[in-house]
Amino acid sequence: MKLTPIQDFLQANMQYNENYSYCQLNAKELGTYNGFDKTVLRDDTYNWVYTFKRMQGRYYRYLLYKETDNMYAGMFKPCDYKTDAIPIKNTWGGTGTVTSTTLDFGEYYNDIKIVTDFNYKDFCMLPLFRVFNGLTDVTERVGAVLYNDDNKAYTDYAHFIEHKQDITEFGIYLLIYKSDNGNLRTRQKYFVTCSYEGKTNRIDKPFPNNNYSNVITGLYYTSDLWTGSGDGSEGSRDGHIDGGNAYCNNFWRYNSESDFESGMDPAILEVPIYEFNCVNGRMKTDTIDIITKNFANYGLMWSESLNKAIHYGIDDDDPTGVHLGEIDDNGYITGKDFSGEDIENANNFSWENSADHTPNPDAEQDTNTYIRTVSIGGGVYPYNKADRWYILTEAQAIDLGDKLYNADETTLNKYLNGLKLFGENPINAIMQLTVYPFDVKALTNATATESIKFGTADLGINAYKLLPPFNSYMSFSGVKVPSKYHDFWDYEPYTNLYIYIPYCGVHKLSGAYIGKEITIDLIVEFSTGTCCACVSADGIIVDYFNGKIGVNIPVTGDNASAFTSRVNSSIMNLAGSAVTTVGGALTGNPIAIASGVTGLAHGALDISQVNGTDFSVSGSSSGNIDTIKPQYPYLIIERNTKLVPSNYGHSIGYNVQKYERLGDLDGFTTVFNPDLSDIADDMSTDEIEELKSILIGGFYV
Amino acid sequence: MEIYFYKTSSELKEVNKDCELIERKECSLINDTDRTNPSLTIDKSLINSNIIFIPSFGRWYNLASVERTNNNWVRANYHVDLLMSFKDELLEKYFLINRQESNLNPYLIDNMQSCAAEKEILIAKFDGGILNNSNTLTNNYVLEVAGA
Chain A
1 MKLTPIQDFL
11 QANMQYNENY
21 SYCQLNAKEL
31 GTYNGFDKTV
41 LRDDTYNWVY
51 TFKRMQGRYY
61 RYLLYKETDN
71 MYAGMFKPCD
81 YKTDAIPIKN
91 TWGGTGTVTS
101 TTLDFGEYYN
111 DIKIVTDFNY
121 KDFCMLPLFR
131 VFNGLTDVTE
141 RVGAVLYNDD
151 NKAYTDYAHF
161 IEHKQDITEF
171 GIYLLIYKSD
181 NGNLRTRQKY
191 FVTCSYEGKT
201 NRIDKPFPNN
211 NYSNVITGLY
221 YTSDLWTGSG
231 DGSEGSRDGH
241 IDGGNAYCNN
251 FWRYNSESDF
261 ESGMDPAILE
271 VPIYEFNCVN
281 GRMKTDTIDI
291 ITKNFANYGL
301 MWSESLNKAI
311 HYGIDDDDPT
321 GVHLGEIDDN
331 GYITGKDFSG
341 EDIENANNFS
351 WENSADHTPN
361 PDAEQDTNTY
371 IRTVSIGGGV
381 YPYNKADRWY
391 ILTEAQAIDL
401 GDKLYNADET
411 TLNKYLNGLK
421 LFGENPINAI
431 MQLTVYPFDV
441 KALTNATATE
451 SIKFGTADLG
461 INAYKLLPPF
471 NSYMSFSGVK
481 VPSKYHDFWD
491 YEPYTNLYIY
501 IPYCGVHKLS
511 GAYIGKEITI
521 DLIVEFSTGT
531 CCACVSADGI
541 IVDYFNGKIG
551 VNIPVTGDNA
561 SAFTSRVNSS
571 IMNLAGSAVT
581 TVGGALTGNP
591 IAIASGVTGL
601 AHGALDISQV
611 NGTDFSVSGS
621 SSGNIDTIKP
631 QYPYLIIERN
641 TKLVPSNYGH
651 SIGYNVQKYE
661 RLGDLDGFTT
671 VFNPDLSDIA
681 DDMSTDEIEE
691 LKSILIGGFY
701 V
Chain B
1 MEIYFYKTSS
11 ELKEVNKDCE
21 LIERKECSLI
31 NDTDRTNPSL
41 TIDKSLINSN
51 IIFIPSFGRW
61 YNLASVERTN
71 NNWVRANYHV
81 DLLMSFKDEL
91 LEKYFLINRQ
101 ESNLNPYLID
111 NMQSCAAEKE
121 ILIAKFDGGI
131 LNNSNTLTNN
141 YVLEVAGA
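Sequence lines, in order, name chains A and B.
First residue of the first sequence? That's 1 in this note's numbering, and the numbers climb one at a time after it.
First residue of the second sequence? That's 1 in this note's numbering, and the numbers climb one at a time after it.
Hints should not be assumed to be uniformly reliable.
[As the list claims (entries may be wrong)] Derived list of chain A stretches under chain B, where covered just means 3 residues or more per stretch with a C-beta under 8 Å from a C-beta of chain B:
{"#": "1", "region": "159-169"}
{"#": "2", "region": "392-399"}
{"#": "3", "region": "470-477"}
{"#": "4", "region": "540-546"}
{"#": "5", "region": "625-636"}
{"#": "6", "region": "653-660"}
Calculated from the structure, these hints are not laboratory results.
Keep in mind it's a predicted model, so treat the numbers as computed, not measured.
Glycine included, each C-beta is placed from N, C-alpha and C at the ideal position.
Please model the complete structure; the sequences and the hints are all you need to start from.
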């Protein structure tokens with residue numbers, strides 16, 4: 001086969017891996033290759049393919065124009081999803097064993113770079129869905145929009161959203177609608193690949209040789225999409241990928257170069273995967289966002305309905321239901337999805353072709369691995385392993401005090417004999433007694449009980465044992481910060497957010513929470529009585545606020561940090577001090593024993609009235625006050641009242657800061673420092689200055 | 001010179017004014033006027049025309065003032081309408097737009113917008129948690145005792 005110049009280039013820069021049928025392109029050279037421009041690709045049939053490049057541990061996807069049919073045959077080897085060639089990680093990452101090759105999807109990145117040379121607005125992707133409720137195909141019930149030559153009905157995104165609560169299983173298919181080259185006729189179905197029920201179904205035959213090298217790819221995790229059926233577990237999964245929990249949708253189904261070149265129908269080939277099953281579950285609240293983001297990662301326009309896919313931007317200017325995945329100036333996917341009127345804010349909205357931006361593979365890349373959720377959790381639980389921990393009821397706490405301070409001589413001697421190590425003072429065995437404003441047993445799921453022991457002395461109080469880890473957390477939810485104005489007024493300093501969290505005080509929140517669902521995980525640490533509120537926006541912890549929730553009951557003047565030195569001292573002076581103390585004890589006044597301890601608090605004798613004791617500081621106020629404050633978090637939304645008259649745009653104009661063609665605008669306009677040098681040759685200086693003044697001061701288009 | 005007399009109700013600072021032709025006439029400029037501020041002596045019936053086009057100058061002019069000279073004639077003073085005169089060139093040209101009526105980025109801060117002194121305060125309560133709201137708690141004491 002005679003190679004064209006660009007074929008020469010591509011072939012020279014590929015590293016063909018026989019094992020994986022995977023072609024690698026030199027990203028930098030591809031991006032800067034002079035031949036990869038209109039000169040080479042002009043007047044070709046319009047065909048494009050994706051390919052991927054693994055470079056420095058990352059994968060890059062390339063969208064390439066096809067000059068002629070089969071031009072890239074033998075050049076772009078199809079990738080097998082079971083290799084590390086295909087999947088591209090979405091921004092949130094995650095892990096999952098997908099194939100027998102034990103591929104960790106956590107290694108994949110979404111640094112997708114599109115190198116292309118087509119008119120972006122020629123294309124519009126149309127996601128289609130087949131949806132099920134249990135085993136019942138409900139696609140037609142929710143609103144089928146078209147049938148394909150596989151005799152199956154498909155519905156669109158809009159209907160999918162509308163009926164999402166009834167859907168327990170779905171498959172996604174992406175159709176590409178494309179207008180003819182530059183003629184901007186309404187778009188036609190261009191080509192499509194899909195997968196369903198264990199095989200790849202061909203819906204259309206766009207190319208003479210059935211070239212299915214076009215790729216729709218992405219990666220979802222089942223646990224991202226489905227929640228359990230009320231028991232908190234994930235929904236059951238369908239084991240399309242060796243029982244793994246990751247599902248990806250790629251459609252490069254050729255196993256060999258010869259298969260590819262033969263135009264073999266890929267339907268007979270490898271098992272496809274693009275189906276999301278959850279028999280008993282329901283979609284999570286952010287399932288739709290995840291799917292939407294995946295569509296956005298193509299950097300192309302996509303629509304919620306068939307009608308928009310065909311007409312928007314051609315003979316229909318209403319962007320409602322139309323989306324655009326953003327591409328930055330360096331050609332990288334940003335992962336942001338713009339829709340409706342907002343699509344004009346996408347960086348690539350005004351791009352017509354590759355001349356509108358300069359792909360720059362050398363540009364600094366965002367090398368971070370972004371994750372979708374940040375949750376609490378850890379594995380280190382520092383605590384004093386030499387201690388016993390108990391959960392007491394109020395009655396048991398009273399009983400404890402009674403036993404300690406009102407013991408008869410026999411009982412007291414029993415305690416003292418078991419407390420040699422503690423200076424023969426039962427009070428000294430108590431490291432801390434802390435009261436919490438919640439049921440500790442309920443929070444820690446404690447079940448085992450044990451009689452409280454001081455040293456070897458059994459107090460005869462049967463209490464729940466508190467076992468490691470000595471921390472737990474409770475969650476609060478149900479608050480979403482609404483966008484009221486849908487403009488900058490929804491953000492600081494025009495809208496301010498404050499959050500009150502019990503025992504952590506009131507804190508100002510940033511604009512990161514606007515439009516997001518706020519959740520709070522209040523971690524309680526029992527060894528210190530401290531707490532930490534982890535405040536999340538849509539599942540990502542943004543703020544940590546510390547506080548004090550446990551109220552120390554000063555049974556003893558010691559504290560845990562002083563304990564060790566005191567114990568050491570007790571050991572060294574055991575004999576002498578014991579005599580003295582025992583002597584005091586023998587007077588029949590157990591209080592006298594304890595009185596040697598500094599700071600014996602009245603609370604110790606009045607343990608039932610804990611709220612009146614000497615509380616530690618909690619948050620910005622004392623624990624006593626904090627227990628009176630609201631025992632639930634709340635969000636304070638403070639908004640300025642926007643006073644913008646209805647004719648503001650017509651009289652003053654909105655702040656724009658865009659470089660625009662004047663003829664594309666409508667209404668009142670002002671411009672910055674206009675350059676009028678090429679307007680007309682016969683303009684006088686005075687006229688130029690006057691016109692500048694008008695343009696700067698404001699005029700109507 | 002040939003002059004086209006139009007009538008328009010469009011805003012003075014509108015680039016593309018909607019004009020209705022009233023009459024096309026041969027007129028002479030008054031001697032002491034220039035291309036930027038021409039004056040004409042016209043039949044008073046033409047004072048309904050508030051914008052004219054002078055082909056030989058390639059410019060449009062807005063009626064600035066009218067002075068009566070006798071019962072049938074008036075002196076009409078004009079000022080060049082640069083927006084209308086160069087509308088084709090202007091509409092094709094790209095500018096850095098500062099303010100605009102309809103093509104806006106709603107999330108760009110606009111310091112010219114004003115707000116009232118009073119503020120809207122909303123309180124949203126969170127659900128969940130097991131913090132105490134009464135004095136009926138149980139199992140809410142934690143005792144740490146030395147000795148494993």
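Hints, verified against the model:
With 0 residues having a beta carbon nearer than 8 Å to a beta carbon of chain B, the region 159-169 of chain A misses the requirement of three or more and the stated coverage is violated. Look at the region 392-399 of chain A against chain B: 5 of its residues bring a Cβ nearer than 8 Å to a Cβ of that chain, three or more, so the hint holds. Here's how the region 470-477 of chain A fares: 4 of its residues keep a CB closer than 8 Å to some CB of chain B, so the rule of at least three is met and the hint holds. Counting residues of the region 540-546 of chain A whose beta-carbon sits less than 8 Å from any beta-carbon of chain B gives 0, not enough to reach three: the coverage restraint is violated.
Counting residues of the region 625-636 of chain A whose CB falls under 8 Å from any CB of chain B gives 7; the rule of at least 3 is met. Residues of the region 653-660 of chain A with a Cβ under 8 Å from some Cβ of chain B number 8, which satisfies the need for three, so the listed coverage holds.
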